[in-house]
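Trainee: Working from the sequences, and respecting the hints, build out all of it.
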Amino acid sequence: MLDFLPKQLFLFDPLSLFFIFVIFIVSLPSAIYSLGYFTPKANPCFAGRQAPAAEKNEYSSAKITLFWFLLVLFVLSMCVVVTVGNVLVFLVAWEIMSLVSYFLVVFDTTHEKSIQAGTIYIIMTHIGTAFLVAAFLILHKYAHSFDFAAIKNVCLIMPGPTKDIVFLLLLVGFGTKAGIVPLHVWLPYAHPQAPSQISSIMSGVMIKTAIYGIIRFVIFLLGVNSSWWGVLVLILAVITCLVGVIYALMERDIKRLLAYSSVENMGIILLGVGLAMLLVNMKMPYLAAFALIAGLYHLVNHAIFKGLLFLCAGSVYKATGTRDIEKLGGLIKKMPQTAFYFLIGSMAISALPPLNGFVSEWLTLQVFFLGALNSAGGARLFLGICASMLALTSGLAAACFVKAFGVVFLGLPRSNYAQSAKEVPLSMNFGMFFLSILVIVFGIAAGLVIKLLAKVAAVAMNVDISTMRFSLYNPTLTAQVGLPAKELGKSIYLSTPMIALVLIVMGLAGFVVYRLFAKGKPVSYQTWDCGYYKLDSRNEYTGTAFSKPFRIAFSFFLQPYRKTQKVRESFYQVKSFAYETHTTLVFKKYIYVPLIALVLKSAKFMRRMQPGSIHLYLAYIFSTLLLLIIFMHKF
Amino acid sequence: MNKITLFFLQLIFFIVVAPFLSGLITKIKNSLRMRKGQSIFQPYYNLIKLFSKIQVVSETASWIFRVTPFILISSTLTVALLVPVFIFSNPLYRMGDFIAIIFIFALGRFFLALAALDTGSSFGGMGSSREMFIASLVEPALCLVVFSVFLQFGSTNLSVFSGMHAVSVSSLVGASALFLVVIAETSRVPVDNQETHLELTMVHEAMALEYSGASLALIELAAQVKQMIWFFLIAQIIFPITTLSLVNLKGLFSWGLWYLARILIIVITMAIVEVSVAKMRLFRVADFLGFAFVLGIIASICAILGA
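From first to last, the protein sequence lines are chains A and B.
Mapping the first sequence onto this note's numbering, position 358 (from 1) lands on 358, and the numbers just tick up by one.
Mapping the second sequence onto this note's numbering, position 9 (from 1) lands on 1009, and the numbers just tick up by one.
There may be inaccurate statements among the hints.
Distance condition first, Cα-Cα at most 27 Å in a straight line; then the derived DSS-like pairs of lysine-lysine [to be verified]:
(1) A/Lys455 <-> A/Lys486
(2) A/Lys589 <-> A/Lys563
(3) B/Lys1250 <-> B/Lys1003
(4) B/Lys1053 <-> A/Lys521
(5) B/Lys1049 <-> A/Lys521
(6) B/Lys1049 <-> A/Lys519
(7) A/Lys63 <-> A/Lys113
(8) A/Lys490 <-> B/Lys1003
(9) A/Lys589 <-> A/Lys113
(10) A/Lys334 <-> A/Lys521
(11) A/Lys534 <-> A/Lys334
(12) A/Lys519 <-> B/Lys1053
(13) A/Lys588 <-> A/Lys575
(14) A/Lys575 <-> A/Lys589
(15) A/Lys113 <-> A/Lys563
(16) B/Lys1053 <-> A/Lys534
(17) A/Lys588 <-> A/Lys604
(18) A/Lys588 <-> A/Lys601
Ranges of calculated distance between the beta carbons of each label pair, as one might list FRET restraints [stated by the list, open to error]:
(19) B/Phe1013 <-> A/Arg515: 50 to 56 Å
(20) A/Tyr590 <-> B/Gly1154: 39 to 45 Å
(21) A/Ser227 <-> B/Asn1030: 53 to 59 Å
(22) B/Ile1272 <-> A/Lys490: 36 to 42 Å
(23) B/Asn1030 <-> A/Lys333: 40 to 46 Å
Facing chain B, a subset of chain A residues (Cβ under 10 Å, in silico) [said to hold, decoys possible]:
(24) Gly330
(25) Leu365
(26) Gly377
(27) Ile499
(28) Pro522
(29) Ser524
(30) Trp528
No lab work stands behind these hints: they were computed from the structure.
No residue lacks a Cβ here, since even glycine has one placed at the ideal position from N, Cα and C.
Mentor: Following this line, the structure appears as structure tokens:
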């Protein structure tokens, strides 16, 4: 009767430990960052202006205490989620994680937007949890236990269709948290509204717990049943990548841009995970383990650089009081350190060598290629096209971050907000510094990281990796992944330390040539202005202008809307122009708005049952009782 | 020969010959247009001239603007080391492969696009935005070309190309897709125009607009070397060539002749294409590269079918 009591409460296998590691490498710098974040700032820009308290960062000490309490609870709940060995406890921890993160999203309650974002978040996350509960109940019905071990055993003999249903329920449940398109809607609302260190943890780590869920429950416990699972995940992943990055490109709110970019990166991670699911079903366990390594590598990378970028965005917000990139600009001179860290993060997320994002995207592409080589016919083409979509995503991501960095940090300041910015305190810079170092380390030490991740993947996929060759060639530190003979027997090589070295040597050589042969010292002069009187920030390209070609090329999806209006003084004189441009959020417009309308409509219909008459209610109770008696009697 | 010597030989080969190829294309174009045109060595004169000029740096520019020429040249030369020209097999070939090349080129482009935004001029923004637009659309087509080559030879490693012996349908189609990609990558006519500084048409030139003096020389050299690298990659796919064997002098001579002839064929094709088509609107470039993408898919299908 006491079957719900856990037999083995925690399990600390490499998979769990890996996620604990990811949680802490992001939470630690974020916590240090918080120290500086709550110090009130003195931006002269606020002097004569009624700014909201959150913009001025005036937090009461009680509120700061509350923040630390919530932060600790948040991190702890995530740790429990990834280590617990019992479904019931998992659900409780999952729910605590969701609720605490809700309170953190609405932490700046002075923003009306925070409340709205929080509401969207909590509704979406609970829809996800509902699906998880359904899946877990089905599992319990077969296993008669909530323990992972019992579930794993019973999953071996579970009928196929049931497994399919459980898989779909889990995919929707975890997909909501992971931000798989079209379940991503909450992400661009919730992440930007939270304080930046929380956005950093949410985007960097919390949404990754959903990937943990998919790996733990679908791959580890349930076992991949048929190949359409992997195909479905891959298709969703490709859509998620592209939709995420295209929206990120269009965005002008820097934190929302990063949130959309998280959607994109979750897609890239899922490409690895989905490919692992597909390959394991095609009886290629080693290649599948390799695909999972690629996915996990991108997972830890994304945690690091997205954490970094959110912290940088928070510093910009704190220093300027705005998140609108069209009001920023030229910050590289006011905030040189933050700018440098943001540049590192942008380079990593754009997959530029020799940083970490490059390694994981390279690995993912390689796995797709190797998977295609090992399969036949249509599957080859499918995997090739998936790979090319990943390439498109990485190209668009590079464009997106050229825009983000270029518009925010380069050129001339576009407003007083940016003009009066000051560098942030040391504790905040330290958080960013720490993560920047990790970005570089995870890029250079690729061979080592792959070797460690192989152990995680081995547990998750239940493969013996000893026949795979992972080695580091000295002294070039070339990473090698070799597959056993029955699966291609091929090895792939990459040496990020060597690339870094050659890049530096060549750059230095260029510099030496430049110093030896270039004539004279550079002269400083104003930017060429075609003889126009003086260039100012109004002549600069804005973020919206930057993304215009993309808006036109993807207009079938974005459905841009544009309005120009002339404000006339008189018939003859135009005083000013008003220009407005929007893109349509297709998922909101075509899925969520009709869905919400439907819910409201049915609620209205149901209200007729509740007219307020006590007699009617008594009649309800009586008839229910009667029905129950009949039911009990008959069945 | 010593490996290190070969490295230097390859680097110097790329740096010295790359401007010549640019000059050659311009010369052929001018001949086709019945013009006398500039000397074939004009790109060298330009580089020397630029090095002897004092450069002007915008007041708005930050350190990004100053380091970009070096990052650009270093990324390009790093790729130049990965392309099999003199070094067919060496320990460095494990450094990176065809996929890594795409990403290393992206490093230089990323910084050039940032440097263009750095000066606060709208020309720079225009160039930067367009360049990133074109570059991101190039990626999927390029990836499929790599994929089709990979399916044939089972490796993305560039030294595998040198082991190729026969031309297949797949590599022909793949190479034509790569040719379209290279037109976009090297800012050639239907996509961009190297000859003009008209703001409506320029992409690459707009990004380099604020550069002058030695920095501009480095950027131009990087663009020329990049172009040469792409020509060699097309050549390796479409005209496979076996590894150089130093058996006899006659063999070496004919090998070298064929080696250069195939580059010349690509150069001439490029010049003819540039003269015979008109510059297309920026938003048509999406269709143009979409065509390259479709060719990439066809190349992959051919590779899958074993053709």
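Trainee: Now, for every hint given, state plainly whether the structure supports it.
Mentor: Hints, one by one, checked against the model:
Using a Cα cut-off of 27 Å, the hinted pair A/Lys455 and A/Lys486 holds, with the two alpha carbons roughly 21 Å apart. With a C-alpha separation of about 19 Å, the suggested pair A/Lys589 and A/Lys563 falls inside the 27 Å cut-off, and the hint holds. With a CA separation close to 24 Å, the supplied pair B/Lys1250 and B/Lys1003 stays within the 27 Å bound. Distance restraint check for B/Lys1053 and A/Lys521: the Cα-Cα separation of roughly 10 Å lies within the 27 Å cut-off, and the hinted pair is therefore satisfied.
About 16 Å separates the Cα atoms of B/Lys1049 and A/Lys521, which keeps this hinted pair within 27 Å; it holds. Our distance criterion of 27 Å between C-alpha atoms is met by B/Lys1049 and A/Lys519, whose separation comes to about 10 Å. At roughly 19 Å between alpha-carbon atoms, A/Lys63 and A/Lys113 fall within 27 Å of each other, so this suggested pair holds. For the given pair, A/Lys490 sits about 26 Å from B/Lys1003 by alpha-carbon distance, which is consistent with the 27 Å threshold.
For a cut-off of 27 Å, the pair hint linking A/Lys589 to A/Lys113 stands: about 19 Å separates their Cα positions. Distance check on the hinted pair: A/Lys334 and A/Lys521 sit about 25 Å apart at the alpha-carbon level, within 27 Å; holds. Taken as a hint, the A/Lys534 and A/Lys334 pair is honoured in the structure, with Cα atoms around 22 Å apart against an allowance of 27 Å. As the CA atoms of A/Lys519 and B/Lys1053 are separated by approximately 6 Å, the hinted pair is consistent with the 27 Å bound.
Taking the CA atoms of A/Lys588 and A/Lys575, the gap is about 36 Å. The hint is violated against a cut of 27 Å. Among the hinted pairs, A/Lys575 with A/Lys589 is inconsistent with the structure: their alpha-carbon atoms are about 35 Å apart, more than 27 Å. Straight-line distance between C-alpha atoms of A/Lys113 and A/Lys563 comes to about 25 Å, which keeps the hinted pair within the 27 Å bound. Between the alpha carbons of B/Lys1053 and A/Lys534 the distance comes to roughly 25 Å, so the proposed pair stays at or under 27 Å and holds.
The suggested pairing of A/Lys588 with A/Lys604 holds, with an alpha-carbon distance near 22 Å, which does not exceed 27 Å. A hinted pair counts as satisfied when its Cα atoms are at most 27 Å apart, and A/Lys588 with A/Lys601 qualifies at roughly 18 Å. Judged by the Cβ atoms, the range 50 to 56 Å given for B/Phe1013 and A/Arg515 is violated: they are separated by roughly 24 Å. Checking the proposed 39 to 45 Å range against A/Tyr590 and B/Gly1154 shows it holds: the Cβ atoms sit about 44 Å from each other.
About 58 Å separates the C-beta atoms of A/Ser227 and B/Asn1030, a value consistent with the hinted range of 53 to 59 Å. Range check, B/Ile1272 to A/Lys490: about 40 Å between beta-carbon atoms, so the 36 to 42 Å window is met. The beta-carbon spacing between B/Asn1030 and A/Lys333, approximately 45 Å, falls within the hinted interval of 40 to 46 Å. For A/Gly330, the interface hint holds, the least distance from its beta-carbon to any beta-carbon of chain B being 8 Å, beneath 10 Å.
For A/Leu365, the shortest C-beta to C-beta distance to chain B is roughly 5 Å, which falls under 10 Å, so the interface hint holds. The interface hint given for A/Gly377 holds, since its Cβ lies 7 Å from the closest Cβ of chain B, which is under the 10 Å cut-off. For A/Ile499, the interface hint holds, since its Cβ comes within 10 Å of a Cβ in chain B; the closest pair sits about 6 Å apart. For A/Pro522, the suggested interface contact is upheld, since its CB lies about 5 Å from the closest CB of chain B, less than 10 Å.
Taken as an interface hint, A/Ser524 checks out: its beta carbon lies about 5 Å from the nearest beta carbon of chain B, inside 10 Å. The interface hint given for A/Trp528 holds, since its Cβ lies 6 Å from the closest Cβ of chain B, which is under the 10 Å cut-off.
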